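Asker: These are the residues of each chain, in order.
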Amino acid sequence: MIDRLKDLWLHRELLFNMTRKELKVKYKRSVLGFVWSFMTPLIMLAVFSLVFSILSRNKYMSWFVVYLMAGLFPWLFFVNSLMQSVGSVVGNPGLVKKVYFPREVLPLGAVGANIFHFIMQMMILLVFLIIIGWHFSILILYLPLVMLLEIVLTTGLSLFISAANVYLRDVQHFTEVATMAWFWLCPIVYTIGTVAGVLGRYFKLYLLNPMTNIVEIYQYIIYNPRVYAAQSYVKGPTRQPPVVYLSFWGITGTIVGSILLLVFGYYYFIRKDRGFAEQI
Amino acid sequence: MASEYAVEIKDVSKMFKLYHENVRSLKEKVLFFNKRGYEEFWALQDIDIQVKPGETLGIIGANGSGKSTLLKLMTRILYPTTGQVITNGTIAALLELGAGFQPDLTGRENVYLNASILGFSKKEVDKRFDEIVAFAEMERFIDNHVRNYSSGMYIRLGFAVAINVDPDLLIIDEVLAVGDEAFQRKCLDRIGEIQDTGKTIVFVTHNVEVTREICSRVVMIDQGRIVKEGQPREVVNYYHQFMESEEEGRERGNRRIEVTGVLLLNDQDKVVKDFHTGDNMRIRVAYRANEPVEDPVFGFSIDDYRGYTAYGTNTRLKGLNLGTVSGEGYVDFDLKALPMLDGRYLVSVAIHSRDEQTEYHWLEKLFPFDMHSDITEDVGLLYIPSDVTVHPAPEGADGP
Numbered sequence: 003m004i005d006r007l008k009d010l011w012l013h014r015e016l017l018f019n020m021t022r023k024e025l026k027v028k029y030k031r032s033v034l035g036f037v038w039s040f041m042t043p044l045i046m047l048a049v050f051s052l053v054f055s056i057l058s059r060n061k062y063m064s065w066f067v068v069y070l071m072a073g074l075f076p077w078l079f080f081v082n083s084l085m086q087s088v089g090s091v092v093g094n095p096g097l098v099k100k101v102y103f104p105r106e107v108l109p110l111g112a113v114g115a116n117i118f119h120f121i122m123q124m125m126i127l128l129v130f131l132i133i134i135g136w137h138f139s140i141l142i143l144y145l146p147l148v149m150l151l152e153i154v155l156t157t158g159l160s161l162f163i164s165a166a167n168v169y170l171r172d173v174q175h176f177t178e179v180a181t182m183a184w185f186w187l188c189p190i191v192y193t194i195g196t197v198a199g200v201l202g203r204y205f206k207l208y209l210l211n212p213m214t215n216i217v218e219i220y221q222y223i224i225y226n227p228r229v230y231a232a233q234s235y236v237k238g239p240t241r242q243p244p245v246v247y248l249s250f251w252g253i254t255g256t257i258v259g260s261i262l263l264l265v266f267g268y269y270y271f272i273r274k275d276r277g278f279a280e281q282i
Numbered sequence: 230m231a232s233e234y235a236v237e238i239k240d241v242s243k244m245f246k247l248y249h250e251n252v253r254s255l256k257e258k259v260l261f262f263n264k265r266g267y268e269e270f271w272a273l274q275d276i277d278i279q280v281k282p283g284e285t286l287g288i289i290g291a292n293g294s295g296k297s298t299l300l301k302l303m304t305r306i307l308y309p310t311t312g313q314v315i316t317n318g319t320i321a322a323l324l325e326l327g328a329g330f331q332p333d334l335t336g337r338e339n340v341y342l343n344a345s346i347l348g349f350s351k352k353e354v355d356k357r358f359d360e361i362v363a364f365a366e367m368e369r370f371i372d373n374h375v376r377n378y379s380s381g382m383y384i385r386l387g388f389a390v391a392i393n394v395d396p397d398l399l400i401i402d403e404v405l406a407v408g409d410e411a412f413q414r415k416c417l418d419r420i421g422e423i424q425d426t427g428k429t430i431v432f433v434t435h436n437v438e439v440t441r442e443i444c445s446r447v448v449m450i451d452q453g454r455i456v457k458e459g460q461p462r463e464v465v466n467y468y469h470q471f472m473e474s475e476e477e478g479r480e481r482g483n484r485r486i487e488v489t490g491v492l493l494l495n496d497q498d499k500v501v502k503d504f505h506t507g508d509n510m511r512i513r514v515a516y517r518a519n520e521p522v523e524d525p526v527f528g529f530s531i532d533d534y535r536g537y538t539a540y541g542t543n544t545r546l547k548g549l550n551l552g553t554v555s556g557e558g559y560v561d562f563d564l565k566a567l568p569m570l571d572g573r574y575l576v577s578v579a580i581h582s583r584d585e586q587t588e589y590h591w592l593e594k595l596f597p598f599d600m601h602s603d604i605t606e607d608v609g610l611l612y613i614p615s616d617v618t619v620h621p622a623p624e625g626a627d628g629p
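The listed protein sequences correspond, in order, to chains X and R. The numbering used here puts the first residue of the first sequence at 3, with every later residue one more than the last. The numbering used here puts the first residue of the second sequence at 230, with every later residue one more than the last.
One or more hints might be untrue.
[Said to hold, decoys possible] Cross-link-like lysine-lysine pairs, in silico, DSS-like; alpha carbons within 27 Å at most:
#1 R:Lys457 with R:Lys239
#2 X:Lys26 with R:Lys246
#3 X:Lys28 with R:Lys351
#4 X:Lys30 with R:Lys351
#5 R:Lys356 with X:Lys26
#6 X:Lys99 with X:Lys206
#7 R:Lys246 with X:Lys274
#8 R:Lys502 with R:Lys565
#9 R:Lys351 with X:Lys99
#10 X:Lys26 with R:Lys547
Don't read these hints as lab results, they were simulated from the structure. Just so it is clear, the structure is predicted and the values come from calculations on it, not from any experiment.
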């Protein structure tokens, strides 16, 4: 594994170039090109703001759209990375069968391109918040760390599914439906408080989902619920639980689990990649 | 531990699983889920090759003999089922030119991407960028999208990148067959330059004559095993004989007149297979007319292995009119002082009508013979008697 990491380091420029290629090819032949990488989140922000200023009458929360975006952008990074990396090896037979290079460059390049988009989106969101005079929590300084945690989790999973997909193409289709279901298992468009009430003693199970914990941290440090959903912290008619809930064990588990997943994902990938050229 | 060889292949075998894909129904799919039956196919068996640094090794063999699999093992695209492949130094493999070119990026961007796929840094490419573009003759188009390139441009650029990035070991698979003749020549020249700098080259081709030209050693593979290894000339000749014995006789025609035998005779009217430069040769064609045939033409040609005809003629070209032929007989073609140097040649014999519209009996390249020469210093295909005289210009003169 150390040798493989050295080899990867030697090919760091390839990784960089692959990431750039993914970005460039994505906007091929479009007039606006790179502008789209911040137009997309900007338009999403505008549409959701409009929709929720009309629809949402949540008496516990103000600025629901910010709560939504704080969870949605990280989720989009997660799911887009998975969807792009799962087919990254299978989708490049011309390279895999004809040239040697560390194959992990393919899924890592896909994740890398999405990291770039993710950073753009988060910056757009922060700029938007600064413009509207958002009351930031000091915890916002943790943002890079949370993003790093999410990247570790995403990379580990991407390595695993991209290698597994070579041997069992069902993985690609499974990922598609699984992420769709997974989305509703995370408190992104609803608040964790609503499920806490419904799930009762199974709530602990719900917290096993690493993306739930990660999304919760984003919401906590960006949305700043102590200011914008203060009522939920005081008391509600039926002791409504807080809008954002940070679980110590949940977060610790997520950190440890993500690192283990990255190690395992990479290990699995380099165990399997010798057969790639034959299987594609 | 570093090996003293650039490439060391130790007792390598490679097995592919050929899966039976013809699962018909869903029921079968469920029953045999992921347990599809397969046959073992051994693409390579017990291969041992050592390539010394600075050597140019050629690998030849028929289609499907395992050449490409062997190269893929060297480049770590495939891994051996048993045995070991050890390589030292950076490798550039030209298994397919322009592998990984992105149609939607420009030529310039693709040069950098392709070079980094081969494992070379931006700095190294920066230094050689102009050289690469000049080699590919692509100055005008380098900032165009690759999707608009012609196939020739695509290949030239791919080759230029791979060959200019200065690897320790260059692996070339069958890629010289593409491109026009001038570019092929240029590639061979460039390969020669790389050889001069002491780099190791492994070279696979169907065009076995090229290996004679550039390789210091040749390995021949057949059905996954090494069948011959050694000096290029020796191995290439063996290859030709080998391919010949594999071939079915190529005969055609309606056989109203048949060739019943062809003999290659020397001055003593003895049948021989070996001739020396300057020898005379008599090609005797025995025939039998199964029915009387009006005005047939007897002809022959001598071709070398690249398919170039060294010489050929027939009775019509020689101004003979045979009239109506019936019964048996033979025709002698007397060739005086064969000028060819070393090599293997093939004789074709034909009987056809005067307008060549009707073929009575045509035997294509069925009669081989070998040329030998004592002249080893001269180069070329033919011996041309020549003298040299030197005439220094007298002092003060302007030359001829």
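Asker: It remains to establish, for every hint, whether it holds in the given structure.
Answerer: Going down the list of hints, with the structure as the test:
1. Distance check on the hinted pair: Lys457 (chain R) and Lys239 (chain R) sit about 17 Å apart at the alpha-carbon level, within 27 Å; holds.
2. Taking the CA atoms of Lys26 (chain X) and Lys246 (chain R), the gap is near 38 Å; set against the 27 Å cutoff, the hint is violated.
3. A threshold of 27 Å between alpha carbons decides the hint, and for Lys28 (chain X) with Lys351 (chain R) the separation of about 23 Å falls inside it, so the pair holds.
4. Proximity of Lys30 (chain X) to Lys351 (chain R) is assessed by CA-CA distance (about 23 Å); at most 27 Å being required, the pair is judged to hold.
5. For the hint linking Lys356 (chain R) to Lys26 (chain X), the alpha-carbon distance of about 24 Å falls within 27 Å, and the restraint holds.
6. For a cut-off of 27 Å, the pair hint linking Lys99 (chain X) to Lys206 (chain X) is broken: about 46 Å separates their Cα positions.
7. In summary, the hint linking Lys246 (chain R) to Lys274 (chain X) is supported, as the alpha carbons are separated by about 16 Å, within the 27 Å threshold.
8. With a CA separation close to 16 Å, the supplied pair Lys502 (chain R) and Lys565 (chain R) stays within the 27 Å bound.
9. Note on Lys351 (chain R) and Lys99 (chain X): the hinted pairing holds, with a Cα-Cα distance of about 24 Å set against a maximum of 27 Å.
10. About 69 Å separates the Cα atoms of Lys26 (chain X) and Lys547 (chain R), which puts this hinted pair outside 27 Å; it is violated.
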